[in-house]
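Listed below are the residues making up each chain.
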Amino acid sequence: MSESTARRHGLEPFLASAESAAQARVEIRVVSNRGFLNLRLDQGDGAAVKDTTQVLGQPLPLASNTCTAGDHRVYWLGPDEWLIETGADRAARLVSELSEALARYHAALNDVSGGHVALCVSGIDARTVLAKGCTLDLHPREFGPGQCARTGLAKAVVVLAAIDDAPTCTVIVGRSFSDYLCRWLAHAARPHGVHFSMVRET
Amino acid sequence: MNTAPRRWRTSAHGFNAMLLIECPWCGPRAETEFSYGGEAGIVRPPDPDALSDAEWADYLFNRANPRGAHRELWNHTHGCRRWFAVERDTVTNQIQRSYTLDGTAPEPGTGSGTASKLTAESDTTSRIGSGG
Numbered sequence: 001m002s003e004s005t006a007r008r009h010g011l012e013p014f015l016a017s018a019e020s021a022a023q024a025r026v027e028i029r030v031v032s033n034r035g036f037l038n039l040r041l042d043q044g045d046g047a048a049v050k051d052t053t054q055v056l057g058q059p060l061p062l063a064s065n066t067c068t069a070g071d072h073r074v075y076w077l078g079p080d081e082w083l084i085e086t087g088a089d090r091a092a093r094l095v096s097e098l099s100e101a102l103a104r105y106h107a108a109l110n111d112v113s114g115g116h117v118a119l120c121v122s123g124i125d126a127r128t129v130l131a132k133g134c135t136l137d138l139h140p141r142e143f144g145p146g147q148c149a150r151t152g153l154a155k156a157v158v159v160l161a162a163i164d165d166a167p168t169c170t171v172i173v174g175r176s177f178s179d180y181l182c183r184w185l186a187h188a189a190r191p192h193g194v195h196f197s198m199v200r201e202t
Numbered sequence: 203m204n205t206a207p208r209r210w211r212t213s214a215h216g217f218n219a220m221l222l223i224e225c226p227w228c229g230p231r232a233e234t235e236f237s238y239g240g241e242a243g244i245v246r247p248p249d250p251d252a253l254s255d256a257e258w259a260d261y262l263f264n265r266a267n268p269r270g271a272h273r274e275l276w277n278h279t280h281g282c283r284r285w286f287a288v289e290r291d292t293v294t295n296q297i298q299r300s301y302t303l304d305g306t307a308p309e310p311g312t313g314s315g316t317a318s319k320l321t322a323e324s325d326t327t328s329r330i331g332s333g334g
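The listed protein sequences correspond, in order, to chains A and B. The numbering used here puts the first residue of the first sequence at 1, with every later residue one more than the last. The numbering used here puts the first residue of the second sequence at 203, with every later residue one more than the last.
None of these hints come from the bench; they were simulated from the model. We put the CB at the ideal spot given by N, CA and C, even for glycine. Incorrect hints may have been included.
Said to hold, decoys possible - Partial chain B-side listing against chain A, Cβ under 8 Å, derived:
(1) W227
(2) C228
(3) G229
(4) T234
(5) E235
(6) G239
(7) N277
(8) G281
(9) C282
(10) R283
(11) R284
Stated by the list, open to error - Listed next, with one range per pair, are the computed distances between beta-carbon atoms:
(12) A/R190 with B/D260: 48 to 58 Å
(13) A/H139 with B/D291: 47 to 57 Å
(14) A/V55 with B/R265: 41 to 51 Å
(15) B/A256 with A/L62: 43 to 53 Å
Chain A on its own, in the form it takes in the complex (with noise of 0.2 Å):
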């Protein structure tokens, strides 16, 4: 992690006073450089659906509050959004395949990697944390692996998604609220131990 995107973030006083990783019940991890795709398509229209899908090569979800995991991770927006979640250096390939797929189709794709930031939240008090900024029921009986939503954490609007049973929760913000939504995050997080870290992902 440079020093330079801890302080963009406005990380620098929780990765000063953090807990080590093993202590924490909390894990939040930063990964700054995610590509994100949003896509507007009818999805009435089979065939840009099935031309997307095999695109992607994996199924654009259909069901409201789902998202599916493969090469990429394709959250469930609204019955006519998507939000793709993908390397960042696949991004610009991916922009370049689907709109080419989707050029005959009433269709949009837009790049807004920059946008956006994506936060990994897991720890065996994940939820719990999670749950005090949340209206929804974060319950893994009620929010499962396979299950997004977008909602309000702390008055911030996020794209919200159960990954696994860790449990291993992500929350994509604004890059203009990361900062915010971070130290909130720091602030619920307290009481319960946690370790903040920055990561690049391929």
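Following the hints, position chain B against chain A.
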């Protein structure tokens, strides 16, 4: 703290409970995720020039403001960002049902707006985008 006189408070529970609104696409969500869009079913006159000032003012400003059942527009701002209509009782705050503006209901959990047709008359989408 709610400083309104007790007789003004509309909640049946004696306190202002948050509404739990059922988004036709996302399911039940807290009121804080939504924006209110005013009375539903108001149709923009097809030929505004043909209207008298009184009729135009009636379309622009006058609302039913009923005591009891009320059909109103809500937008799921922090979720799927869709407009839909809700039937709410303004006295008890009980929500009878919510439905999409084209009169169709998504199959539960599919996110698809093409399934079963509701019997209620469809609300127009003509006011959408005009603020609210």
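Okay, the hints, checked on the actual structure:
| no. | hint | verdict |
| --- | --- | --- |
| 1 | W227 | holds (5 Å) |
| 2 | C228 | holds (6 Å) |
| 3 | G229 | holds (7 Å) |
| 4 | T234 | holds (6 Å) |
| 5 | E235 | holds (6 Å) |
| 6 | G239 | violated (17 Å) |
| 7 | N277 | violated (12 Å) |
| 8 | G281 | holds (5 Å) |
| 9 | C282 | holds (3 Å) |
| 10 | R283 | holds (6 Å) |
| 11 | R284 | holds (6 Å) |
| 12 | A/R190 with B/D260: 48 to 58 Å | holds (57 Å) |
| 13 | A/H139 with B/D291: 47 to 57 Å | violated (30 Å) |
| 14 | A/V55 with B/R265: 41 to 51 Å | holds (48 Å) |
| 15 | B/A256 with A/L62: 43 to 53 Å | holds (49 Å) |
Comparing the model with each earlier hint shows violations of hints 6, 7, 13; every other hint is respected.
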